[in-house]
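The sequence shown maps to residues 767 to 1378 in our numbering.
A few of these clues could be false.
[Claimed, not checked] With a Cα cut of at most 20 Å, we get these calculated SDA-like pairs of lysine to any residue: (1) K1174 to S1237; (2) K1234 to D1269; (3) K1174 to R855; (4) K1174 to L1120.
Hints were generated in silico from the structure; no laboratory data involved.
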Amino acid sequence: MLQQTISTSAFARPDIRVERRPDGSLLLRSADRVTADPRCLDDHLARWAAETPDRDFLAQRGADGQWRRVGYAAALARVRSIAQALLDRRLSPDRPVMVLSDNGIDHALLALAAMHVGVPVVPVSPAYSRLSQDFGKVRYIAELVRPGLVFADDGERYGRVLETVDFAGAEPVVSSGVPAGATAFADLGATPTAAVDEAHAAVGPDTVAKILFTSGSTAQPKGVVNTQRMLCANQESLARCWPFLEGRPPVLVDWLPWNHTFGGNFCFNLVLRNGGTLHIDEGKPVPGLIERTVANLREVAPTVYFNVPRGFAMLLDHLEADRDLARRFFGDLDLIFYAGAALPQSLWERLERLGDDVLGRRVPMVSAWGATETAPMVTCVHFPIGRAGNIGVPAPGNEVKMVPDGGKFELRVRGPNITPGYWRQPELTAAAFDEEGFYRTGDAGRLVDPEDPGAGIVFDGRIAENFKLASGTWVNVGALRVAAIAAAAPAVEDAVVTGHDRDEIGLLVFPSAAGCRALCPDLGADAPIADLVRDERVRGAIRRALGTLAAGGGSSTRVARAVVTTEPPSIDANEITDKGYINQRAVLTCRAALVERLHAAHPDPDIIRLED
């Protein structure tokens, strides 16, 4: 058996209790219950400032390419100074801090300072300010939360949104390129007075820490209230699942955006809770930015690595091509973790093979599951698993109710990490919970082993995404999408499944530029994507994938046709989040004409058909 970097004894052994109800629903909970949470998240900052004052808490590359570092004691001092400035400006739960820009040290210190004195933080997707054409979502969020201060790290990149959107008198604060009328972040500070200590003492479990906006499939995002109890309970629960974290402070190289619960709550708070070091990765899993991630990983060896499937796919292209980089990446890893979307098994196997090849040992790969409304973790893998798809068991403190729905089980959840509701939207809050107080996630799951709930839950797609063919056959969209991406590797980056009320299943394909170029090396590194997807080698790879899926048997997995789109998914239209997760429903709505072409009785030559 291959050596692992951490033994299975480093995981807490699951002890899951199950209640089988007469209506067919199941209620799962951990026998281990989290009872002792910190009063508030930044009590951890005070602890590490006292115990390890000089240890790096945050690191970020500056414009000169060198790492700017902030230790725990320095971070606490700056947080208290900024907190005084916020109190001087009379910020409050009714006048929160709105953040427009990417992850960064200034962003982190401002957010911690606001939470230190009970002022909510509202981190907004930077894409809404930089990639959007109309700033519609920024306007909507500003009108809903009514901020007292708006922060951006770069006055040039965010100048247009600051000038265009009416923030109703909120003070703009900018780190660099400070425009006229804005406050420089370096000047945001004051000598802390007793007022800071009094405000901090008033912060408790029910204090609103953040308002995180979902990207969802609705016309406008929803503001999810995140309390201090939610954030603290989540980290205490995780520490019970992964006790090895307390023995070795985690080192992260992480790009996941803080306006999302994965990066902003799970990853950032894991570092803070366990006294680790977060290297803020300015890279992203897109061409032109993935190279920055690679450069950071050449310098810093993480102990735990988090990413979404798209991120792993792009990183693997570099790891497989550079043995020294792969050795550096795997050399100190305790754990590889994926979430945010289902991981194709092909990516799992590539990661596993590469770790085996360069180190002769296997780094455990795990996952978890949750939502913005759960801060985010509900289930957690804290036992060895052999393939992708298992999202673990209820973490300590969480209850999962599996409710029959259309041949599936909807996952509903209850626990101290669940949101009290949506900011200033009581009607949405009321609809989000069932009669027992369980939050309705809309996600589906099934037990790996019906006789052993401790073996985990398999993610089974979104209830609302699944559909019936004209024949009445149900199509499991989530599972089929992952299978299609894996079968069409490396040509396909993502895909949307079509066919609601139609005779056949179709596939709307977003191509992988790197994968298509690998199939067509003679076309050159600069070949336009439109030329690549017309090449028969790419079309043939997709056609063979359709054959692989059809060979599985049954009309529910027989994808009869596909079409490739070279128009990337739109963030303005909710087609994609800045984590890279495709919104199935929004894509089908926005690209209805393309779907009609795909399913036409006499399809045009661009349509790739199984029988061709």
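Verification of the hints:
Distance restraint check for K1174 and S1237: the Cα-Cα separation of roughly 19 Å lies within the 20 Å cut-off, and the hinted pair is therefore satisfied. With a C-alpha separation of about 10 Å, the suggested pairing of K1234 with D1269 holds against the 20 Å cut-off. Annotation: proposed proximity of K1174 to R855 is violated, straight-line Cα distance about 51 Å (limit 20 Å). With a CA separation close to 35 Å, the supplied pair K1174 and L1120 exceeds the 20 Å bound.
Of the numbered hints stated above, those contradicted by the structure are hints 3 and 4, listed in ascending order.
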